[in-house]
Amino acid sequence: MTRRHTRALAASAAALVAVTLSACASSDRDSGEEGGEEQTGGTFVFGATGDPAMLDPAFGSDGETFRVSRQIFEGLLGNELGGTDPVPELAEDWEVSEDGLEYTFNLQQDVKFHDGTDFNAEAVCFNFDRWYNFEGLAQSPSASYYYQAVFGGFASTPDTPSIYESCEATDENTAVIRLTQVTSKFPAALALPAFSIQSPEALQQYNADEVSGSEDALTYSEYALEHPVGTGPFKFESWDRGNGEVTIVRNEDYWGEPAKLDEVIIRTISDGNTRRQELEAGSIDGYDFVSPADYETLQDTGAQVLVRDPFNILYLGMNGGNVPDSGANPALQDPRVRQAIAHAIDRETIVNSLLPEGAEQATQFMPPTVDGWADDVTTYEYDPERSKALLAEAGATGTTLRFFYPTDVSRPYLPDPAAMFQVISQNLTDAGFTIQPTALPWNPDYLNAVQAGQADIHLLGWTGDYNDAYNFIGTFFAEASNNQASAEFGAFSAPEIFAALDEADREPDAANRTEMYQEANRLIMDYLPGVPISHSPPALVVAENVQGLEPSPLTAEVFSTVSISD
Amino acid sequence: MARFIARRLLQLIPILLGLSVLLFAWLRALPGGPAQAALGERATPEAIAQYNELFGLDEPLIVQYLRFLGRAGRLDFGTSARTGRPVTTEFLERMPGTIELTIFAMIFAIGVGIPLGYLAARRHGSWLDSASVIGSLLGVAIPVFFLAYLLRLAFAVELGWLPGSGRQDVRMDATRITNFYVLDGLLTREWDAAWDAVLHLILPAIALGTIPLAIIVRITRASVLDVVNEDYVRTANAKGLARDTVRRRHILRNALLPVSTTIGLQTGLLLSGAVLTETVFSFGGVGSALYDAIFARDYALLQGFVLMLAIMYVLVNLLVDISYGFLDPRVRVR
Amino acid sequence: MTALGDVRRRRIDELAARAGQVSEGEGGVSLTKSAVRRLRRDPVAIIGAVIVVVFLVVAAFAPFLAPRDPLAQTLLSEIRPGFIPGSQEGFPLGVDNLGRDLLSRLIWGSRQSLLIGVVATVLGVIVGMALGVLAGAFGGWVDSVVMRFVDIVLSIPSLLMAISISVLLGQNQYALMIAIAVTQVPIFARLLRGSMLGQRRSDYAVAAQALGIRKSRIVFGHVLPNSLSPVIVQATLSLATAIIEAAALSFLGLGDPDLARPEWGAMLASAQGFLSIRPELAVYPALCIIIVALGFTLLGEALREALDPKFRR
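Protein sequences, first through last, are from chains A, B and C. All the letters of the first sequence, read from the start, carry residue numbers 0 to 565 under numbering that gives the first Met the number 0. All the letters of the second sequence, read from the start, carry residue numbers 0 to 333 under numbering that gives the first Met the number 0. All the letters of the third sequence, read from the start, carry residue numbers 0 to 312 under numbering that gives the first Met the number 0.
Just to be clear, a hint being listed does not mean it is correct.
[Claimed, not checked] Some but not every residue of chain A turned toward chain C, in silico, with C-beta under 7 Å:
no., residue
1, Pro291
2, Asp293
3, Gln298
4, Asp299
5, Thr300
6, Thr433
7, Thr437
8, Ala509
I should point out that these hints are in silico values taken from the structure, not numbers from a laboratory. Ideal placement from N, C-alpha and C gives every residue a C-beta, glycine not left out.
Just chain A, with the same shape it has in the complex:
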């Protein structure tokens, strides 16, 4: 009897060995299939942190949605490979009228959508009119965020006017777009994936504008879920939601340089350690949002860590105290208390110890590479003694601050929110504040809470969409309503800042505009509605045998230039 058990055990051990051996065999076979040198083709598997919300970029506002859009779609303008400047894409070039209100786009010829229909001026105008005529739930901020950020309102919302006036197809390859007002956002904003040109036929066939809803959620159309059709180097193939895998394949009829890869699979792996281990195990070829702690480990295994230039800002937002019922601490209305906070934060240590190499301390709310950055703003160096003195002077020693920070998230500007929170917390405690922490899941709880002005101080940041000062400081500090800033900064009232931003945005001359934004930055840093902390270079990583992936400061990588060798 005993012997029989032993035999059974031996048998199962043998089975285990067999499993093991065949596992090795199968992984060998896989790598064999990928083999071959300097060839085009193959499948590239990329690890993303989350699923796309859906596939219609007009309704997108998050990075994972746009990661897919950027491969399938193109806009009139695109982004310079590896840079932040807008470059011609579906528009060969464009002219602006004297008054800055009329843009004439000369389009690429012989371009076809993936469904075989022609790309032309009619198609361009169809898309612009589509956005302008969104109705009902499509007008929700969570649906058409970027359209509203750039153009304002819709055809059916006279109370919130739109700066879009009309689009006219003057001939097959010329589209003329008229605006009602000059804006510095135009035309750079057209490089955003949200303004991709999509196939009019597919949009109509699959009822793209039908955003419906239920008690719990918006529901997007069949188009947005199953049938995105653009002009880009890759075509949509399938989306396996259960496993979080979006598959796109090469567009053989692409008008430009065709993609080298046969197929790209974008796979969601939400846990950072799993992403790293999957790369090390060879089951994915690259992933985004590399933890700064892992750079060296990854490089030791032969992987290539691709560091993007910093094009973001991390700041500590402060509550100006004008949001009703937010329970904000009125002490923050005293500029001395805000200055005390700024002087308390040890940004040098933060940049050296918590952020990846290449991170910089921030002096203002935009990175130095953006036109309008000023080298002579008021700065607030680390000086705890000064903080204590300022607090004592303001009679606010021991002030309690409700400090909000997000959990379960890693942002390009904030790789480890918990560590950042703890260090700043300790800094502020050392300077004589009392910290009351609140942790919330990033989306939607944290964003909702801080953007509604519920925190006294909070951590947040921004990655630029394109190279424009307004995209940074306008987003944060433009007048939101009735002479008040956004609720995130406690709806503070600083008319001179609002006026400076508004005038700069309306200035058609680039050189003048730069100076006006510099002035706005000086005003902001004198007022100090928050503390700019750092600009941080986020990184992605690819395996040793992957070439041609150009890191983009906008996190707008395209996979068409990527190839895999052995």
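Use these hints to put chains B and C onto chain A, whose structure you have.
Structure of chains B and C alone, referenced to chain A:
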């Protein structure tokens, strides 16, 4: 028997009703509310009011609850905020993965647990016995997610023997019929796809199966020890029956009775308890969806999944009770 | 009887029934005496007890035992992404990712883990016992309502339940304790009810009733004290579960938001980001959790055997 089952099923109704009230109240009590979640943080109060009116979220809670109940009765749990698809669709798509994982975990737990528990009891007091007792207590004491990390680090990353995440190699172009990947592979005769799915199940199944394994070892050991000292075993031995016959007919069969109920109970728990394991292994089942839903505040999905899991749990337990009735004549239902 | 978790209940009820046998069989004093005697001879009990005692002592005397301030980010300026200084003079186990002494944090962390475990278990015991006594003492419709409620709670897997409650109550350490406590309520409620039902028919209860003693006195003077031993066993085992569940909830990001306060689960969770460079940051707190959970389990199992008449041969 049929009457027994019918009565038991009827008794489910008040429990499910109570559960649905709890879940409904729980979700409606959450801050922000569904409109805010659907429309986004920048939504104006007017937009939210409009949305609430559109979908009847401004009606009295009791009306909303009855509507929810009406829909839930037709297995319609609304739309997931995160994916924009019906919750029931999501559930049906993901449940096969979790069931596969549960089956593999239980095969592991039973296949190792019963022989180990039996051996430990037969050699009561030996080093094997002590080791299995300590090991089984240790198995319960290790946080599951930590064990999962260790397993993946050792077998997927360092040794590279087994895949460490997902349900199947993404490069594998397998045909899907039932969404049970192993079964699909067998049905379509795509042997490599089936084998690949099996390999993907091994590490998560070990991580998930460790706690049931520990419990099964303990119960088996204890119940074999109990049975060995029962009168009928002594009688059988005294009668001079062959030792093998005594073992098979008397000891094992009677000892396995309590073990079988434990197995059923653990199976029910695993179906819903795979949140941590599935998350660490990026395994596309029900558990990982629940994890994502918690952080995305995907209320509809949480509500629907918890309710459907509770129903499954209850049904599995019912099955266990019925099978217990078959196994043990003393418990035959009156 | 309903279909819900019959097996689980059967096991709890079994435990309760055994307690009834004990109290009927012999007096409480000799039970305790013989239990202690048997515990002292049982190596499993001794190992468990030693672990638990060491843990309690460390938690109680953390301020005197910890070599450093667990909050001071002493070596923060030496930390670089990808580099965390290891063991060195004055920092026997090295520092965490913010330059804080790991040993001191582990020592202080025992306090928080103990606090969470004890508060959650005590809450669970009190509420569970109250419900169980209510159901057991009144019977009838009160019993039905209470037990139906307990069934509902039992039909939701405990981790899901804890997650739901944490989400509902927001992220703070009290929510964590309550979340864990709620998952334990049904266990204690059933335990108490079963044990009381068993004793209602016992000789002394019948005798007391015949003597005209008030019901409340019978319940609180006789029945309840006699039901305590399975509760003590279960509470010891529950402490282990509570500590592990706290770690799981911290891992899921639902723990104490004040991350500076050292807690093993949170330390383990935050070390996930540094597994590639300093796996010890995760291994040490994990070991602490495992050892302490094991200690309580060993002690609980030994107690169960010592108090169980079946094992008294």
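Hints versus structure:
For Pro291 (chain A), the interface hint holds, since its Cβ comes within 7 Å of a Cβ in chain C; the closest pair sits about 3 Å apart. Checking Asp293 (chain A) against chain C by beta carbon gives a least distance of about 5 Å; that is within 7 Å, so the hint holds. A hinted interface residue such as Gln298 (chain A) counts as satisfied when its beta carbon comes closer than 7 Å to some beta carbon of chain C; here the least separation is about 10 Å, so the hint is violated. Given hint, Asp299 (chain A) at the interface with chain C, is violated; its Cβ is 10 Å from that chain's nearest Cβ, farther than 7 Å.
The restraint placing Thr300 (chain A) at the interface with chain C is violated, with a minimum CB-CB distance near 10 Å, outside the 7 Å limit. Given hint, Thr433 (chain A) at the interface with chain C, is violated; its Cβ is 12 Å from that chain's nearest Cβ, farther than 7 Å. Interface restraint check for Thr437 (chain A): the shortest CB-CB distance to chain C comes to about 6 Å, inside 7 Å, so the restraint holds. Because the smallest distance between the Cβ of Ala509 (chain A) and any Cβ of chain C comes to about 37 Å, over 7 Å, the interface hint for this residue is violated.
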